[in-house]
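Keeping their order, the protein sequence lines are chains A, B, C and D.
When we follow the working numbering, the leftmost residue of the first sequence carries the number 1, and every step to the right adds one.
When we follow the working numbering, the leftmost residue of the second sequence carries the number 1, and every step to the right adds one.
When we follow the working numbering, the leftmost residue of the third sequence carries the number 1, and every step to the right adds one.
When we follow the working numbering, the leftmost residue of the fourth sequence carries the number 1, and every step to the right adds one.
Each hint should be verified, as a subset may be incorrect.
Since copy identity is lost for identical chains, a pair holds within one copy or between any two.
Stated by the list, open to error - Derived BS3-like pairs: lysine-lysine, alpha-carbon spacing no greater than 30 Å straight-line:
| hint | residue 1 | residue 2 |
| --- | --- | --- |
| 1 | 62 | 117 |
| 2 | 91 | 168 |
| 3 | 31 | 355 |
| 4 | 426 | 127 |
| 5 | 279 | 168 |
| 6 | 117 | 31 |
| 7 | 225 | 62 |
| 8 | 109 | 91 |
| 9 | 109 | 62 |
| 10 | 62 | 426 |
| 11 | 225 | 31 |
| 12 | 279 | 366 |
| 13 | 109 | 31 |
| 14 | 340 | 131 |
| 15 | 62 | 319 |
| 16 | 31 | 358 |
Calculated from the structure, these hints are not laboratory results.
Predicted, not measured: the structure shown is a model, and the values here were computed from it.
Number of protein chains: 4
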Amino acid sequence: NLHLTGDNHAVSVTHNLLSAFIDNHLMHGNKMNIDPFSITWPRVVDISDRALRNIIIGLGGKDQGVPRETGFDICVASEVMAILALATSLKDMRERLGRIIIGSTRDGKPVSAEDLKCAGAMTVLMKDALKPNLLQTLENTPAFVHSGPFGNIAHGNSSIVADQVALKCADFVITESGFGADLGAEKFMNIKCRYSGLTPNAAVIVATVRALKMHGGVGKIVAGKPLPDELVRENIPAVEKGCENLIQMIENMKLFGIPSVVAINTFHTDTRAEIEAIKTLAREYGAEDAIESNHWARGGAGAEELAEAVVAAAQKPSKFGFLYPLEASIEEKMETIATKVYGADGIDILPVARKKIKQFNEWGPKYTHLPICMAKTHLSLSHDPTLLGRPRHFTVPIRDITASVGAGFLYALLGDMRTMPGLPSKPAGEAVDIDVNTGKIVGLF
Amino acid sequence: NLHLTGDNHAVSVTHNLLSAFIDNHLMHGNKMNIDPFSITWPRVVDISDRALRNIIIGLGGKDQGVPRETGFDICVASEVMAILALATSLKDMRERLGRIIIGSTRDGKPVSAEDLKCAGAMTVLMKDALKPNLLQTLENTPAFVHSGPFGNIAHGNSSIVADQVALKCADFVITESGFGADLGAEKFMNIKCRYSGLTPNAAVIVATVRALKMHGGVGKIVAGKPLPDELVRENIPAVEKGCENLIQMIENMKLFGIPSVVAINTFHTDTRAEIEAIKTLAREYGAEDAIESNHWARGGAGAEELAEAVVAAAQKPSKFGFLYPLEASIEEKMETIATKVYGADGIDILPVARKKIKQFNEWGPKYTHLPICMAKTHLSLSHDPTLLGRPRHFTVPIRDITASVGAGFLYALLGDMRTMPGLPSKPAGEAVDIDVNTGKIVGLF
Amino acid sequence: NLHLTGDNHAVSVTHNLLSAFIDNHLMHGNKMNIDPFSITWPRVVDISDRALRNIIIGLGGKDQGVPRETGFDICVASEVMAILALATSLKDMRERLGRIIIGSTRDGKPVSAEDLKCAGAMTVLMKDALKPNLLQTLENTPAFVHSGPFGNIAHGNSSIVADQVALKCADFVITESGFGADLGAEKFMNIKCRYSGLTPNAAVIVATVRALKMHGGVGKIVAGKPLPDELVRENIPAVEKGCENLIQMIENMKLFGIPSVVAINTFHTDTRAEIEAIKTLAREYGAEDAIESNHWARGGAGAEELAEAVVAAAQKPSKFGFLYPLEASIEEKMETIATKVYGADGIDILPVARKKIKQFNEWGPKYTHLPICMAKTHLSLSHDPTLLGRPRHFTVPIRDITASVGAGFLYALLGDMRTMPGLPSKPAGEAVDIDVNTGKIVGLF
Amino acid sequence: NLHLTGDNHAVSVTHNLLSAFIDNHLMHGNKMNIDPFSITWPRVVDISDRALRNIIIGLGGKDQGVPRETGFDICVASEVMAILALATSLKDMRERLGRIIIGSTRDGKPVSAEDLKCAGAMTVLMKDALKPNLLQTLENTPAFVHSGPFGNIAHGNSSIVADQVALKCADFVITESGFGADLGAEKFMNIKCRYSGLTPNAAVIVATVRALKMHGGVGKIVAGKPLPDELVRENIPAVEKGCENLIQMIENMKLFGIPSVVAINTFHTDTRAEIEAIKTLAREYGAEDAIESNHWARGGAGAEELAEAVVAAAQKPSKFGFLYPLEASIEEKMETIATKVYGADGIDILPVARKKIKQFNEWGPKYTHLPICMAKTHLSLSHDPTLLGRPRHFTVPIRDITASVGAGFLYALLGDMRTMPGLPSKPAGEAVDIDVNTGKIVGLF
């Protein structure tokens, strides 16, 4: 069932209900005097559909709405998805949905979902989605799959509620943070931990030989084409050079005061020497341990050694801390992340973002004393997907920033980050089909 | 759970996947030479959002798609929803999805979902939705709720698959056709029965005193306002005049050769004399029986007498027949429905529709030997919502017509029929909220 | 000099100044509360540019205007052009420009160019254009060429001011009314004569053998292709049949109470018998005379006989009268023109036009006691360009109607009349060039 | 006559004819395979109309053109206007119009007006406009007023043809270059002199006390408000500080190897000491002379002393030279202007411009060995209107660049330069009117 848990559906329809309320309000006299140009609340759809990125709606005359430029984001970029993952209870979710800011009035006051009288209905649409979905692994151990914010354009973490439930049921809970220690993990620490009140005991950093080789400057992966030969052939210098990327990941975990274990997710083409090179460097630069894991071949048994290392690391003393206080200025908070976590020289706030920050400051601390959720490429530690390894001497452009007050953060767009992907010239879906006799899906992988 | 069976979600995402494939094809060189102006496949959303009726997509430059005018329909108007309800098996659904026509090439050939290599992926997204959803009534009797095409803008019938399963499990199966005998029921007979191969033994026509009063020219219901007093006060002449509407419904069932029973859905304000007036006229004009039913107050027990009457009617001999042969011309088929079922003098095919019919004829019988699904107001037997009772001397304008080859019908738009509703100035959703302590929904009714 | 008199330039820039004022007003707070959807004032350009027919302006954000749907008309369709031709003095032009209605407020009051404080500046831009342009014919006789409203989409007559000046200088003044007696001439009588206070003494109806043949059902002229052979070969029956069209023209002149002379504009392929057929029928059906004119070959001398006949006709007694009083209802006035001048059975006012008429009536007599300017095809006496000869049994659809209060008429659109032409697939301009040594233009004809 | 010479009208209609040809070509099958996204040829209008800056055209279906995003520029920014001013003969104008590049094909080849077969017709429309307009001053001396490209967004110089004619008729010819020595004058030297083959003997730099005061940091002029008091009161330090701006202007003229005279355009509020301060500094920093001129009060007699000084300067030896060779790279040429003429540290070529430069280089020397026409604010020596005096330590952003191959230059947009102005909230036109009795215009000043 590709619809899986239904979370995306619930989020889409909840998000779009608010969108419809906004345009309906504009059309029926706009009593709140909303400035149509100020509206930052898009619509969302759970399809990669680039033709919906920039659209004009409300065409066709007086009874068809008010013409204005807007667009669709991919569902997982929705603030509602972020709220689902960060809400700690039904009550908390109700309040967060009410706090969503969709734009401002013509005289510059923020307008919320509560003001539009939509937050109640939104909560009703989300009430079942708040319940974590219990799935099982191939070895029949339980796992929660709940909420789906990507780690690049959203905060990239599984839900707080699922973690809460899991902690009641198990001795150790492992929760995933999407993409690297510069993305999901940074947001886990600075955003999710702030709202959950929970702190991690250890971090697991996943690495592969081929990814590090690529960060070492060798080979190029093109979607839809077979892996290039260079990535498969042994190349110790490339692996070692690529480890610079891994080292920054390890150092990033130290910034938050917690021990980390590197999990080397092995492939059959990896050579012993390559794996050892990673282990050596990882330990040298501060990982508690670096363990080869081959659960892909041997299932749970293949990850046992890793599990032991993580248990050991988790029992070490740790002193978790946030990277910045909420009271710091918006600029300072973004600069802290950019310089400490990405290794940048600084940030360059572009005019659109600068104007928004000015407005948030005018609105007061409720809109500024928030953590920052950076939307950034996952292909580089920087904002530029072509800068591999551990880039230096770059400045991060802050193109836009939105107040996701409901989710509880400011949402900054770095570089040319897109919030709606497009399909390639030959979409993967072309190969997907069903065997109508057996009901079996073909072409998914 | 307002998402209920998830059918709408599956239909939305399946429909929109095809939309994304279309625009993706246009952008990546348009190898099939699709004429962008010919595209009749919109996008859909399960929200009443009039600002999406007429939109321009693909703006923002070369990498953002090809600019063109299009729009969103409400999800239930999607051809995918119609297919879900009319498919008889997974295999049949796969084929129907492949047959969907989205427009034509610049040299006038039809372009299908199969041509776009999207039908396989669409079927995968729909495969679980094809399984009927088993719910239970308040008295714990089983009921299938499956697929949701409205009876005015779509074909208005529950799924064939649900009926098939039900017929394996029960002696009597009751299936609903949305709105009146001029809408859901006409489409049940002429469309659904053709594809299911099943025929009804009897029809139940639901009537209320207040609706007939309104058809008799008394009172006006305004959404969001309390019922006007005239509809509550006894008014025999109005009820009798309004019965003209009911009589046409009874006569319509006779056109198809099956017996009918009128179920008078009573309210506490109805008077004995009013109910008797309906009974008398219904029987006089050809209903097998007319029974008062008050299941609203007494549950199943309140409908027992009605059930007995339906059983009796169903055992009468019947000779079911379609209203028109598929080989009749498109114009003849539409005229048959308009004159026989609606009581019109004839039809007036507007230029846009005329051009499309010409094209379907050029494409051949696969595109013309199909039943017709009329999109029409449910507020009148005619196309004009202000014509109450049993209107006479009107001509039905056929504004547009689309080939829903996947669903297996031609889809005609009558008058100003909209395929995307709008919200009122005070949307009902404003009153909806949740009690965060109990999780109980408030404000739904 | 293709810019000729500069009238079109002055009209374009004057018209577009008002357009800019409107959108500027909307953007700067819209203090008059103009309903953007009510605006009927387009922009104009003196180029056939179909891509400007339907456009969306004001895109790009807050400082770039308010997004709305609008379009461009061809310059000659501008109300400013109509005003130029109908103004009787500078003072009158100033007042007429001020009376232009561009739309209405959200509470339904008309908004004028005066309200927008634009009429003064508009008059300044038009002040020199009001002076008639004196040109000379190839034989050096004087001629005024002043203003350029087309007879199909505008009122089709030369300026009142030019006629006034001419009447001071000559014994006989000939003024042109574009297209047929159903177009320019009807508007000359009912509109221009009302404002000038002048009345004609006689009408000259121009006919050609080939045009009448075509109205008789023979041949088809396609732009850019040579004349079909059938139009050149002698065909008396076709000419006679086509004369039905001419006869209605003659009858139309009688409706206004003035004598008419038919001028047969001969070509070298016309045969004697064809010309005689026209003469006979024209005289039989009421023309004072029908004269062959070959000024195309012989210059002024070739039109001498015609001139004598016109002088004779002009001296006959005549009793000029309007076809309708201004106080008649809008519907009556349109119906009078359609039935008496076009030979229609009646008119069918479509919803958009009906709504506008309702509004004009609410605004009062200043907006209704006006003559009607019909925008209609010149290819048929009816609204339908395919109905040749003298069509019968047709109903004229009134698609839209605008209050051109400045020009002093209501402007009705019949059928699919376009106010902005498009270029053909091979524009005539492709052949136009200049000999850079001599400065001579080539390819114009 | 506000239409003055008709040049703007001729340019507008000529420019827009090409626009119509482009969209007509797209619609009729696009045989040249033009990439719609590559089109850089806008439409123009001679009105400040910001709502036309960003528009979507071609809406309404198949017969109404192809939908695409485009916009209008102000007429004076048209390449046709630039061509009018730079053409040396009818033949040259014909060729330049043919060389206009409107965009490229889908496979990256340039598309010209010649390719579209429009250049001949364009020349015909422009042929009379090429003849200079002879006007007279208030003292009845002759003056040519010909072509109107602004010095900020265009090249800012009167026509070559007018200069050629003038040189045949007079001993000294004075020609104007719009705005400062960083704008019109730089373009005069580097662009116009290259095409005319003529070289100046001396430059006159116009200065006013109040403008220099403002560059010295005092007072702020707001359109529509009276001059602030600080600009009127004597303030020697401010004048001296502001002279830094004037000094760069003087130095700029030296860069081109020609002597310059400063003309101090006096007002009655200027004090003797202020004027002397300018004279002293101007002479000290290299002007041949600095002369007070009060022709505003005394007519020609008031400029006699200035004229003598200019005659003297013109007779000094000079060695005129261009600032850069055409063969230099595009980047180098822009950098030369920015660093030498504006005093910038360098340039920053933004991605859009960078991509275009890459394309021009691929197209070859015909598209790169051209002078550069910079579109830049006239309020500062830099690209930023807030940097007064003689700014230092700034980098000039090159936002976009277009190949105006017809005009014969590359057209670079610096910073947020707009090519279509907007009206203020109270347009000056509101005050303009006409006295209908006398025909006199009121409210123009």
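Intra- versus inter-copy proximity for residue 358 and residue 31 (alpha-carbon distance at most 30 Å): Both: 26 Å inside a copy, 28 Å across copies.
With 30 Å as the alpha-carbon cut-off, assign the pair residue 62 and residue 117 to within, between, both or neither. Answer is both; intra-copy 24 Å and inter-copy 26 Å each pass.
Which holds for residue 109 with residue 91 at a C-alpha limit of 30 Å: within a copy, between copies, both or neither? within (26 Å within a copy, 49 Å between copies)
At most 30 Å between CA atoms: does that hold for residue 109 and residue 31 within a copy, between copies, both, or neither? both (14 Å within a copy, 21 Å between copies)
Intra/inter-copy verdict for residue 62 and residue 319 if alpha-carbon distance must be at most 30 Å: Intra 61 Å, inter 49 Å, cutoff 30 Å: neither.
Could you figure out if residue 109 and residue 62 sit no more than 30 Å apart (CA to CA) within one copy, between two copies, both or neither? both (27 Å within a copy, 16 Å between copies)
At most 30 Å between C-alpha atoms: does residue 91 with residue 168 qualify within a copy, between copies, both, or neither? within (20 Å within a copy, 45 Å between copies)
Check residue 426 against residue 127 for me: Cα-Cα at most 30 Å, and say if that holds within a copy, between copies, both or neither. Between copies only: 23 Å across chains, 38 Å inside a chain, cut-off 30 Å.
Evaluate residue 31 and residue 355 at a C-alpha cut-off of 30 Å and name the case that applies: within, between, both or neither. Both: 26 Å inside a copy, 26 Å across copies.
Intra- versus inter-copy proximity for residue 31 and residue 117 (alpha-carbon distance at most 30 Å): both (13 Å within a copy, 29 Å between copies)
Indicate which option fits the pair residue 340, residue 131 if close means a Cα-Cα distance not exceeding 30 Å: within, between, both or neither. This pair counts as neither: shortest intra-copy Cα distance 36 Å, inter-copy 52 Å.
Could you place residue 225 and residue 31 in one of the four classes (within, between, both, neither) given a Cα distance threshold of 30 Å? between (55 Å within a copy, 21 Å between copies)
The structure fails to meet hints 5, 12, 14 and 15 from the earlier list, while all remaining hints are met.
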